[in-house]
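J.: Residue numbers (the working numbering): 1 to 284.
Derived from the structure by calculation, the hints contain no laboratory data. We put the beta carbon where it would ideally sit given N, CA and C, even for glycine. One or more of the hints may lead you astray.
What the hints assert, rightly or not - Mimicking EDC-like on lysine to aspartate or glutamate, the simulated pairs with C-alpha atoms at most 20 Å apart in a straight line are:
{"no.": "1", "residue 1": "K192", "residue 2": "E215"}
{"no.": "2", "residue 1": "K201", "residue 2": "D228"}
{"no.": "3", "residue 1": "K192", "residue 2": "D228"}
{"no.": "4", "residue 1": "K201", "residue 2": "E215"}
{"no.": "5", "residue 1": "K108", "residue 2": "D97"}
What the hints assert, rightly or not - Beta-carbon label-pair distances, calculated as ranges:
{"no.": "6", "residue 1": "F267", "residue 2": "K55", "range": "38 to 48 Å"}
{"no.": "7", "residue 1": "K56", "residue 2": "S232", "range": "23 to 33 Å"}
{"no.": "8", "residue 1": "S2", "residue 2": "I131", "range": "42 to 52 Å"}
{"no.": "9", "residue 1": "L145", "residue 2": "L114", "range": "33 to 43 Å"}
{"no.": "10", "residue 1": "G206", "residue 2": "N54", "range": "49 to 59 Å"}
{"no.": "11", "residue 1": "I125", "residue 2": "F263", "range": "12 to 22 Å"}
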Amino acid sequence: MSSNMLKVLALFFMVIDHIGSFIPGLPVYFHWIGRLSAPIFIFCSAWSFTYTSNKKSYLIRLYAASLVMAIIQCWLVIDNNFFRSLFSLCVIIFLIDSYKNKNTKFKKYLYVYLTWQIISVAICIFLLNVIFPSAYFVSYFLSALFGNVFLLEGGLVYVCLGVLIYLTKNNKKSLIIGYISFCVLYFIVTVKPYLPIFLGKLYTWGLPFLSDTIEYTLNMIIGLRPMDIGGSMFFQNYQWMMIMALPFILAYNSKRGKKMKYFFYIFYPVHIVILFYVGNMIFR
Numbered sequence: 001m002s003s004n005m006l007k008v009l010a011l012f013f014m015v016i017d018h019i020g021s022f023i024p025g026l027p028v029y030f031h032w033i034g035r036l037s038a039p040i041f042i043f044c045s046a047w048s049f050t051y052t053s054n055k056k057s058y059l060i061r062l063y064a065a066s067l068v069m070a071i072i073q074c075w076l077v078i079d080n081n082f083f084r085s086l087f088s089l090c091v092i093i094f095l096i097d098s099y100k101n102k103n104t105k106f107k108k109y110l111y112v113y114l115t116w117q118i119i120s121v122a123i124c125i126f127l128l129n130v131i132f133p134s135a136y137f138v139s140y141f142l143s144a145l146f147g148n149v150f151l152l153e154g155g156l157v158y159v160c161l162g163v164l165i166y167l168t169k170n171n172k173k174s175l176i177i178g179y180i181s182f183c184v185l186y187f188i189v190t191v192k193p194y195l196p197i198f199l200g201k202l203y204t205w206g207l208p209f210l211s212d213t214i215e216y217t218l219n220m221i222i223g224l225r226p227m228d229i230g231g232s233m234f235f236q237n238y239q240w241m242m243i244m245a246l247p248f249i250l251a252y253n254s255k256r257g258k259k260m261k262y263f264f265y266i267f268y269p270v271h272i273v274i275l276f277y278v279g280n281m282i283f284r
């Protein structure tokens, strides 16, 4: 299966998921189907960034798309901006490539990236919690403008999955073992209530600040909401179902397929805006 065919398939799964999100009253299995979408897009992005002849242009396209989507987020007040997650992933892949290729500027790139992430995330946290009147401007637009990992869709969990996929993409056995292990670990962390129990223990030990800091970091950066952890594996914490995307990922034939360079960049925001207003009309 070609890269573009996989992307079309991921689009289908994504639309099903978003229909379930924006149209009220639909059954939860719309979201079960949607769990297949993100891993396939992440896989395709890892390969696309590897193959592209102009990595700078690829990153600029993702960054520009994330800004456009951030404006839509502020307008509609929605959390959907997967372009930001893919942009962060591809920047890290660029750093990994620089290291593997023994680029003399690798240490400089890494230092600049980490420094910028720390400073820009700190700015977002400060503005969001101290002085800025519009949480949406900081959470959606400013974080996209900075290109940081603050409040990514899926959090750093998706970025880590992307790095895993990138590092194992040339070895199917390693990819299978790594992907399944990741999904199992995610299942354990989100379905079992170990994390909220631990945070509660910190409170009883007289460490409320540490507990709150860990919870805030997990929620705003890592992509895990501790207070939601421990719910039903089918009706609340069903992200582990992304394991079902593995057969489609393994069907990849290393071919690009029909050229559809800008289709996906256009389709994503357009379908979200349409579904948002359709959902509002139905809800009324």
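J.: In ascending order, which of the hints set out earlier in this document are inconsistent with the structure?
T.: 6, 7, 9 and 11
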